[in-house]
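Just so you know, the protein sequences line up as chains B and U, in that order.
The working numbering applies: residue 158 is where the first sequence begins, and numbers increase by one.
The working numbering applies: residue 158 is where the second sequence begins, and numbers increase by one.
Note that these hints are calculated values from the structure, not bench results.
Among these hints, one or two may not hold up.
Any copy will do: because identical chains look the same in the list, a pair fits if it lies in one copy or spans two.
[Said to hold, decoys possible] Straight line, CA to CA, 30 Å or less: simulated BS3-like cross-link-like pairs of lysine-lysine: (1) K326 x K243; (2) K261 x K273; (3) K297 x K224; (4) K324 x K245; (5) K326 x K261; (6) K326 x K273; (7) K324 x K297; (8) K211 x K408; (9) K408 x K203; (10) K243 x K408; (11) K261 x K395; (12) K326 x K245; (13) K245 x K408; (14) K203 x K297; (15) K243 x K324.
There are 2 protein chains.
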Amino acid sequence: MQWAGAGAVASLATKNGFAAKNAEKPDNKNTEHTFQLGLASYSTRKLSLDETLKIANRLGLKYLCLKSFHLPLDSTPVQIAQAAAKVKAAGIDLYGCGVVNMFKPAEVEQAFDYAKAAGMKVIVGVPAYDMLPMVNEKIKQYNICVAIHNHGPGDKLYPTPDVAYEKIKHLDRRIGLCIDISHTIRGGVDPARAAEEFADRLIDVHMNDVTAAEASWHTAEVGRGAIDIPEFLRTLVKIRYSGIVSFEYVKDPDNPLPGLAESVGYVRGVLAAI
Amino acid sequence: MQWAGAGAVASLATKNGFAAKNAEKPDNKNTEHTFQLGLASYSTRKLSLDETLKIANRLGLKYLCLKSFHLPLDSTPVQIAQAAAKVKAAGIDLYGCGVVNMFKPAEVEQAFDYAKAAGMKVIVGVPAYDMLPMVNEKIKQYNICVAIHNHGPGDKLYPTPDVAYEKIKHLDRRIGLCIDISHTIRGGVDPARAAEEFADRLIDVHMNDVTAAEASWHTAEVGRGAIDIPEFLRTLVKIRYSGIVSFEYVKDPDNPLPGLAESVGYVRGVLAAI
């Protein structure tokens, strides 16, 4: 059983060989971390899947959270299997998808069938409140995690991790949070505090930065913005977070590689020094 | 008097406004450093000066050490002035040039005239041993620093910072070292130890990385190689190094931006966390 819930991820990750890779990985030179770095393919939304995989490998990001631009949600099982095989052939773990809206039952069904066909462990999603009971049942049925993504002050469902946590804390432990740190700080919430407070349900992380801790925002390379990245990463180490930290670089959609590379370098530098 | 010798750089840098810029710079968010990050244009040796300036600004590197690819050493004073004006117009400080060989008197003359015409404060150079007395006189005459660049085990003149220091320690304090950390570790010397031991003559730094601490080497993005970058940067902070740390990214000459961006991000991440 893989990813049987956020609370069990630490031990499972070790069994699945995540922790064993630490010694080989450039991002773990001086500090042993329990988590790995990945790519959220929203970053490469204007590029093809092939180009996305090339960029991920260029940057040594071995975990991919796929956005529908690269594999539409209504793809056939054969199309999904082909895409998953392509990712695997590139040496990359297609661990999840998203962000996926689940506003009605058919969308919930589709998301879980899609994730299962692709062999994904996590759906980063936005379920409507009245879909949560169905999502909860699907999680038990499919054994796939759902990580609710907060989208900041404009998001009527999940503006902050706090709101999301309140909605899911009584549900199956395999439903939890994908904390998007930029949207979190835009909502006036400290991402490090949220990660620590909701550690038991932290399933995924979107790594990015914003120029100011305000609702009106501009995206930035990680390290150039308002977020205290060292503090956030120290917190992930402290809580022994053992999922993936995926870069979701929003700037420069036509040519994301330079800013993404700078962001990845920054995070690895912080991890090497803390 | 600018850059009146390595020992005096700290106070002069403050007078020249280097230290005052710290608060505005993205690379100094969490730690106040006395040094700044720059670009050695050997990194962009296959690109034009215009493209070099664009990349420097893209990465927020406001200090440039110009290689002759972008301004030949035999350029006329008018050509030199034009290039210097272009750099200034881009908002970048053309602080130095190099690496410049000075194997005979005419090359020493040319290097100092070139640097003076461009308004440079430092010549990163390789003077033949028998040119050192002449270089020493020129330094007094022009008030321009010379930073000797070590090139690793294959370099018959200056394989390590140690060898260079022995040759110049009795000369004017405005002659010192540009420690190239990759060539240093290739020579079996710890760059952090060298920086600390020769702090009084550390005038410039070339930041890069190599896959192994061996004479036979492959260049790498900073952070992916064998050098303990956090330890080296902690040492620069400790000795209150107040010159420039210039990225000399040797890989990918046709498209250096992604690897350079990753390297810059890594160093900024380390600086934010130490």
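Hints, one by one, checked against the model:
no., hint, verdict
1, K326 x K243, "neither (36 Å within a copy, 59 Å between copies)"
2, K261 x K273, "within (19 Å within a copy, 71 Å between copies)"
3, K297 x K224, "within (24 Å within a copy, 62 Å between copies)"
4, K324 x K245, "neither (35 Å within a copy, 56 Å between copies)"
5, K326 x K261, "within (21 Å within a copy, 76 Å between copies)"
6, K326 x K273, "within (24 Å within a copy, 68 Å between copies)"
7, K324 x K297, "within (18 Å within a copy, 73 Å between copies)"
8, K211 x K408, "both (19 Å within a copy, 18 Å between copies)"
9, K408 x K203, "both (12 Å within a copy, 27 Å between copies)"
10, K243 x K408, "both (26 Å within a copy, 28 Å between copies)"
11, K261 x K395, "neither (38 Å within a copy, 59 Å between copies)"
12, K326 x K245, "neither (34 Å within a copy, 57 Å between copies)"
13, K245 x K408, "both (27 Å within a copy, 28 Å between copies)"
14, K203 x K297, "neither (35 Å within a copy, 57 Å between copies)"
15, K243 x K324, "neither (36 Å within a copy, 58 Å between copies)"
The structure fails to meet hints 1, 4, 11, 12, 14, 15 from the earlier list, while all remaining hints are met.
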